[in-house]
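From just these sequences and the hints, can you work out the full model?
There are 2 protein chains.
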Amino acid sequence: MAKTRTTQPSLSPTLADVSKQAGVSTATVSRCLNSPSQVSASTRDRVMAAVKDLGYAPNFGAQALAAKRTNTFGAIVPTMENAIFARGLQAFQEELGQHGITLLVASSSYDPDVEEEQIRNLVARGADALFLIGHTRTSESYEFLEKRQIPHVVAWVYDEAEPRVSVGFDNRKAMKALALEVLKQGHRKLALIAGKRDCNDRARQRYEGAMDAVAEFGLNAQDLNVIETTYSIANGGDAFERLMRSGTPPTAVMCGNDVLAAGALSRAHRMGVDVPGDVSITGFDDIEIAEIVTPRLTTVHVPHRAMGKHAATTLIAMRNDRSLGESVELEATLRLRGSLGPAPQKTA
Amino acid sequence: MAKTRTTQPSLSPTLADVSKQAGVSTATVSRCLNSPSQVSASTRDRVMAAVKDLGYAPNFGAQALAAKRTNTFGAIVPTMENAIFARGLQAFQEELGQHGITLLVASSSYDPDVEEEQIRNLVARGADALFLIGHTRTSESYEFLEKRQIPHVVAWVYDEAEPRVSVGFDNRKAMKALALEVLKQGHRKLALIAGKRDCNDRARQRYEGAMDAVAEFGLNAQDLNVIETTYSIANGGDAFERLMRSGTPPTAVMCGNDVLAAGALSRAHRMGVDVPGDVSITGFDDIEIAEIVTPRLTTVHVPHRAMGKHAATTLIAMRNDRSLGESVELEATLRLRGSLGPAPQKTA
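Chains A and B, in that order, are what the protein sequence lines are. Residues 1 to 348 in the UniProt record's numbering are what the first sequence lists, from first letter to last. Residues 1 to 348 in the UniProt record's numbering are what the second sequence lists, from first letter to last.
Hint data in this document are derived by calculation from the structure and do not stem from the laboratory. If you're wondering where the values come from, they're calculated on a predicted model, not measured in any experiment. Among these hints, one or two may not hold up.
[What the hints assert, rightly or not] Listed next, the in silico EDC-like pairs over lysine to aspartate or glutamate satisfying Cα-Cα at most 20 Å (straight line):
no.	chain 1	residue 1	chain 2	residue 2
1	A	Lys52	A	Asp17
2	A	Lys52	B	Glu143
3	B	Lys147	A	Glu228
4	B	Lys309	A	Glu81
5	A	Lys189	A	Glu146
6	B	Lys309	B	Glu94
[Unchecked claim] If you want the footprint, here are the derived chain A segments under chain B, 3+ residues with CB under 8 Å:
no.	stretch
7	106-117
8	175-187
9	212-222
10	286-292
From the three backbone atoms N, C-alpha and C, an ideal C-beta is built for every residue, glycine too.
See below:
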């Protein structure tokens with residue numbers, strides 16, 4: 001019972017305790033845990049009974065001696081609060097599970113200092129390899145990863161110029177493609193509700209992609225009204241309302257992700273603004289909410305599951321075979337749905 | 001700054017802290033604790049006041065325990081794929097962060113065997129304490145937690161009969177209250193799209209709550225058409241479509257959570273079924289999607305953030321002071337919104 005946590009804490013049972021109770025050598029216990037097929041069934045049963053009975057959990061020190069790996073990988077994502085990284089993580093975890101590897105996840109709240117602490121912590125806790133999001137982090141984080149030779153893969157971005165192993169897509173190209181669709185629909189009064197760009201290369205690249213499209217249509221940077229905010233439904237709604245109440249409301253509001261777009265759309269309903277009749281709204285990510293709002297969101301479909309799966313197989317190879325790993329560019333594709341329509345006709 | 005991981009004195013007060021506060025040498029503090037008769041009454045009073053004030057635990061076991069701390073807590077949630085546990089986890093993490101504690105999260109895919117493995121793994125990785133969801137898990141998991149004396153708190157449920165420390169709410173009572181509202185609107189052909197009940201006490205209790213309401217209105221169990229499925233948008237949609245295409249379609253579809261309800265609502269749109277004109281739909285959880293769908297979901301507001309925060313402070317106390325912890329019941333409240341309306345008039 002939980003409440004009976006009374007007297008002296010029992011010391012953590014050791015490999016030696018298990019060996020004593022099972023009446024076998026510590027080497028045999030170790031073999032049982034790491035290469036069970038090399039041990040007879042009866043010995044294995046005896047050892048596992050002792051393991052269970054004592055509540056022995058092979059600690060990373062002992063296991064490091066035995067196998068130099070913990071079969072635990074770490075992932076650090078900027079947030080778990082909305083579903084942005086959820087499907088990718090799920091696919092990553094499923095693939096790891098196929099290989100008997102457990103995943104531990106930490107979230108950094110988009111703060112590079114917090115992320116650095118979490119990298120150190122996960123490595124201290126014995127993580128064999130790390131899954132990270134984006135290229136922007138403290139130089140100390142990278143130095144630490146080098147020094148400790150921790151295999152790591154960066155996801156959600158792909159940039160040829162970056163030397164690090166990444167499994168992702170070109171955020172800039174994808175946002176440019178979406179913005180071109182918006183422009184082709186006749187929209188010239190544009191706005192972008194962007195994520196905070198300073199510590200987030202995805203937000204930066206999406207912003208640049210929108211600017212690329214604007215330039216390609218011979219417009220100026222001023223033709224794109226940019227509001228920067230942190231990702232949340234409420235912030236998307238607030239930014240949208242500010243834009244619509246300004247002197248020159250846009251006819252199309254592109255959003256840095258689906259969470260902001262869902263917030264904008266929901267606020268449009270509340271304000272009695274018709275989407276896409278009065279204003280078009282677009283997202284980015286194609287998470288589940290994109291399809292359950294009305295009208296459904298035009299957005300960029302991010303290859304969530306493919307990234308997670310590829311990142312897992314790449315990381316496993318990097319750990320097992322000391323492979324250097326290879327970056328993979330995956331495709332992000334447009335999803336044209338009801339929230340994007342032609343620019344409203346000018347009224348005389 | 002996150003980088004200055006300052007050790008809060010209140011977390012693990014030392015002999016030196018006591019000596020400083022009492023204004024005596026550490027040797028005197030030690031003498032006070034071990035041979036009080038050798039110390040003057042006034043000195044003894046001063047030292048014991050400091051001991052009490054600081055929450056110093058003067059036994060070697062506690063000291064050993066404190067020395068072994070990693071300042072890392074673990075959380076195991078059934079899923080990270082949708083936002084059900086996200087806001088609670090976020091609040092949990094924020095509170096831990098205030099105390100310099102890092103959070104590592106694992107997700108069990110609602111599988112008790114996977115959860116057991118993750119409990120062992122997190123403890124092996126040095127987790128000081130664990131945050132778990134619901135009471136249903138393998139007996140081996142509980143035995144392991146007992147044996148290793150790992151402080152743990154169970155969230156998302158509250159049940160007086162359960163001896164374990166939980167921070168949650170009464171799922172049964174909350175679902176009953178919601179179902180009573182549905183019945184009061186005149187609905188008599190009811191359906192419930194429930195989560196899988198076998199390894200999920202929240203799903204079980206919500207089902208029971210719906211049954212309680214049905215019984216209270218003098219209806220039979222058969223008046224509630226129950227479909228059990230795993231939580232996903234697609235599954236909610238499929239179950240809804242099956243119900244609506246059956247010989248006796250319901251006029252109200254209650255869902256085990258908002259994810260299922262959002263799927264049902266989205267499918268209703270696609271099928272041309274008016275909500276709530278033709279059929280009412282309700283959810284459970286009040287996660288963000290409940291407010292961005294059209295019409296907005298009538299649902300049960302779960303105290304996500306309060307649970308996370310309370311669980312954190314409880315767990316910290318359990319670890320620091322060897323407190324036994326105390327269960328807390330929080331309130332879950334109804335949110336009546338557009339997706340619930342009166343039962344349609346019978347056509348002649």
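Practice task
Please flag the earlier hints that this structure goes against, numbers listed from lowest up.
Solution key: Violated hints (numbers, rising): 3, 5, 8, 9; every other hint is consistent with the structure.
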